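Enquirer: The lines below spell out each chain.
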Amino acid sequence: MTAPASSEPVASADAPIAAPAKPTVWRKLFRSPSVVIGLAIVLVMVFIGLIAPLIATADPTAINPGARNRVPMATSTMRLDDGTRATVTHYMGTDTLGRDVFSRVVYGARVSIFIGIAVALLSISIGLVIGMIAGYIRWLDGIIMRIMDGLMAIPAILLAIAVVSLSRAGIVSVIIAIVVPEVPRVVRLVRSVVLSVREEPYVEAAVVSGTPTVKLVLRHILPNTVAPLIVQGTFICASAILVEAILSFLGIGIPPDIPTWGNIMAEGRQLFRIFPHNILYPGIFLALTVLAVNMLGDGLRDTLDPKMEKRG
Amino acid sequence: MSAPILDIRNLTVELPKGADRRNAVENVSFAVYPGEIVCVVGESGSGKSVSSHAVMGLLPKGQLKATEGEIMLEGEDVLQATSSRLRALRGTRMSMIFQEPMTALNPVVTCGEQIDEVLQIHTSLGASERKEKVLAVMESVRLPDPAKLFDAYPHQLSGGQRQRIMIAQALVLDPVLLIADEPTTALDVTTQAQILKLIAEMQERRGTGVLFITHDFGVVAEIAHRVVVMQRGRVVETGTAMEVLKNPQHPYTKMLINAVPTLTPPVREERTGELALETVKLCKVYGGGGFFQKKREVRAASDVEIRVRRGETLGIVGESGSGKSTVARCIARLIQPTSGGIVVSNIDIANLPERQLRPHRKHCQIVFQDPYRSLNPRRSVGASIIEGPMNFGMSEAAAIAKSRDLMNLVGLSPDALDRYPHQFSGGQRQRICIARALAMEPEILIADEAVSALDVSVQAQVLDLLDDVRKKFDLAVLFITHDLRVAAQICDRIAVMQNGVVVEHGKTAEIFAAPQHEYTRALFEAAPGRNFQFARVA
Chain A
1 MTAPASSEPV ASADAPIAAP AKPTVWRKLF RSPSVVIGLA IVLVMVFIGL IAPLIATADP
61 TAINPGARNR VPMATSTMRL DDGTRATVTH YMGTDTLGRD VFSRVVYGAR VSIFIGIAVA
121 LLSISIGLVI GMIAGYIRWL DGIIMRIMDG LMAIPAILLA IAVVSLSRAG IVSVIIAIVV
181 PEVPRVVRLV RSVVLSVREE PYVEAAVVSG TPTVKLVLRH ILPNTVAPLI VQGTFICASA
241 ILVEAILSFL GIGIPPDIPT WGNIMAEGRQ LFRIFPHNIL YPGIFLALTV LAVNMLGDGL
301 RDTLDPKMEK RG
Chain B
1 MSAPILDIRN LTVELPKGAD RRNAVENVSF AVYPGEIVCV VGESGSGKSV SSHAVMGLLP
61 KGQLKATEGE IMLEGEDVLQ ATSSRLRALR GTRMSMIFQE PMTALNPVVT CGEQIDEVLQ
121 IHTSLGASER KEKVLAVMES VRLPDPAKLF DAYPHQLSGG QRQRIMIAQA LVLDPVLLIA
181 DEPTTALDVT TQAQILKLIA EMQERRGTGV LFITHDFGVV AEIAHRVVVM QRGRVVETGT
241 AMEVLKNPQH PYTKMLINAV PTLTPPVREE RTGELALETV KLCKVYGGGG FFQKKREVRA
301 ASDVEIRVRR GETLGIVGES GSGKSTVARC IARLIQPTSG GIVVSNIDIA NLPERQLRPH
361 RKHCQIVFQD PYRSLNPRRS VGASIIEGPM NFGMSEAAAI AKSRDLMNLV GLSPDALDRY
421 PHQFSGGQRQ RICIARALAM EPEILIADEA VSALDVSVQA QVLDLLDDVR KKFDLAVLFI
481 THDLRVAAQI CDRIAVMQNG VVVEHGKTAE IFAAPQHEYT RALFEAAPGR NFQFARVA
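The listed protein sequences derive, respectively, from chains A and B. Heads up, the first sequence is in our numbering, so the first residue is 1 and it goes up one at a time. Heads up, the second sequence is in our numbering, so the first residue is 1 and it goes up one at a time.
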């Protein structure tokens, strides 16, 4: 080269200037009000589910014919297992069989949140594997994606009816019925991330330096899917909680003897005009939980999704 | 001389808190007189774009704010103008053309309508008068068949035609000031020459004052009347083009001008090392096949035959779409060639399946164009460098020791291995990429536009580094570039590609002295500032 660089010191030889400290992801997350509020409500719901046996005022499945259709805050006497009698305050009233709605709602949180989390984890792990394969192995892509298109055409409720009629109603059938239509959405997301990231020069550089395919995918491609998957996961969780409630309400989900929000509402349906509390309270819990999970998801998307972030 | 149409006085634009310096531009003063082209030159981050955006009132709200000074456009201070006054001024008194005409034009509105929009907003002409005026301005920017292009959408036009539409849109109302922000940087060199000619011609015919932002001294030499050199937000030198280019005063200007590679290749000795790479009738065809019907085929490379000896640098020169990158990616086996052979150390690797290919991967390494995307942002640079050697069984300790040596070799501190890519500048990252490639102890190094994204001073340093490592490791270097100046300086031999075919091939000095093929001649003709001898000052 004829151009002497001597007129300026080789800046590169010096230690590089550290970039101004960026706020960490956690900091950014906790600065977002929707993340904080959403997370707080979700945690409260999880906590309620966890300590359900402690705060429930009665056995959620115990039938008390003497205290049917009580309004909220009414009291009744119950015979306990050891034969003594106790007075119970029904914070949310009782249903047509005299079961304590408050205790049922509290226990119902367990089922709803469990199903939400289980569905989110299952559909993300299945979708991640299939999406990686579809995005990375080009000749399989067409085949896999057509199958996924087919799966997407199945409505969750019809599939649930089919699954339940083939086996038995229960948590597992409900989870399968919700996971199957969710998987293709995750597959599409993962595939699109893989397709764009595999063209990045740093991935090509890794290919050229002989990185084995599995290592390449795990090390260079997989981390890019984490943020969108966390966001997608929360939305799947919210919709799973909702779908479970719908299925139970329609009587094709969880068997009626297990208290879930959908079941409680289904029971309260006939007497809704006279005793709205049977639907009102589980409805509030359901709405609040789904709202909170969605808010959390929105907040996560705003902070984690690179498309939302301004270049800077 | 008459009064200036644009007079910037002591302009200071503040950067948001936490930036690397306080002001984006500081105390900048210069003027544009009617009928002259003023080039603002500087490297990235010099504040040249910020100054021009301030004139148009386009500073991003809430982030950049002009805190001091005034920008007088025909005696009116733009900084004090209300937003409705600014809207009235834009398009009528001043207008702007941008770097990337594809994104500057609305893809869903026809070209004619986009020019017409300016007239609709600023004039009360009737529809037929407007159309007449649009066709006239399209004619004047030398667009072929304006009546047809009036109804064309931007994607149906070539890059050069789109930039002509932009210029027509900017000039339709005869503004007194045209701001051109790197208008030719995204264009091929032959198109760039035409657009530069057009801008100079329009400016002369209409007497418009042009504020031309560029980083390329070749372009400056081609069209500038006066030059403003900026560095880190300050004007370091102003003067007529002749004064600044032939007799630069400020050390920064001298450095910039010295860093411009000359078009005269230095004398090079013949390389006689053993043959490291040979391609035999290499072809790559995209498309074809198709499930329901035969898709259109694109021959990205056809019958490419190149040979590179150890210790030799072969340049592949061509415009975008010439297939030069396709050849590089075939040789690195990032894509599989359709037919033909690639012989590396006596083995044809063109059709080896991935598993058998892996042992040969280490022979050939590649450095990419974009320094911001070639390193995994989530991994420390050390992890990136040791990945390759560890894939081939080197222990971690040995690989780290090696990467420390390599960091020294490429002029970076070994202690920086723990840092992440975003903590480095573009030039530093490109050094890291070279270190990563060298860690594999390759015989062939492919540099795919490796210096194109870098500022000219950094470019010179990275080119020096590439030449150093070639000598030190007796590398065969395949240097892909669109820049003839760079090719002249670093390449022993050159292959010129057009539409996937090597049209000319030979020693650099011979090709530069007497190009045979007409395309090669056209490329040389188009090189900006080719007839200009830059001052070489120590």
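Bear in mind the hints are in silico, worked out from the structure with no lab data behind them. Some hints could be false.
Just so you have them, the derived chain A footprint on chain B, three or more residues with Cβ under 8 Å [stated by the list, open to error]: (1) 365-372; (2) 385-394.
Listed next, the in silico EDC-like pairs over lysine to aspartate or glutamate satisfying Cα-Cα at most 20 Å (straight line) [stated by the list, open to error]: (3) LYS215/A / GLU354/B; (4) LYS17/B / GLU100/B; (5) LYS471/B / ASP405/B; (6) LYS471/B / GLU274/B; (7) LYS215/A / GLU396/B.
Quantities reported herein were computed from a predicted structural model and do not represent experimental measurements. Where a beta carbon is used, it is the ideal one built from N, C-alpha and C, also for glycine.
Enquirer: Does each hint hold? Answer for all of them.
Expert: Tested hints:
Check on the region 365-372 of chain B: 5 of its residues sit with their Cβ under 8 Å from a Cβ of chain A, so the three-residue criterion for coverage holds. Counting residues of the region 385-394 of chain B whose C-beta lies closer than 8 Å to any C-beta of chain A gives 4; at least three are required, and the coverage claim holds. Taken as a hint, the LYS215/A and GLU354/B pair is honoured in the structure, with Cα atoms around 14 Å apart against an allowance of 20 Å. Of the pairs offered as hints, the one joining LYS17/B and GLU100/B is violated, with about 30 Å between alpha carbons and a cut-off of 20 Å exceeded.
Between LYS471/B and ASP405/B the CA atoms are separated by roughly 17 Å; this keeps the pair inside 20 Å, and the hint holds. A C-alpha spacing of about 14 Å is found between LYS471/B and GLU274/B, which places the hinted pair at or below 20 Å, so the restraint holds. As the CA atoms of LYS215/A and GLU396/B are separated by approximately 16 Å, the hinted pair is consistent with the 20 Å bound.
Checked against the numbered hints above, the structure violates only hint 4.
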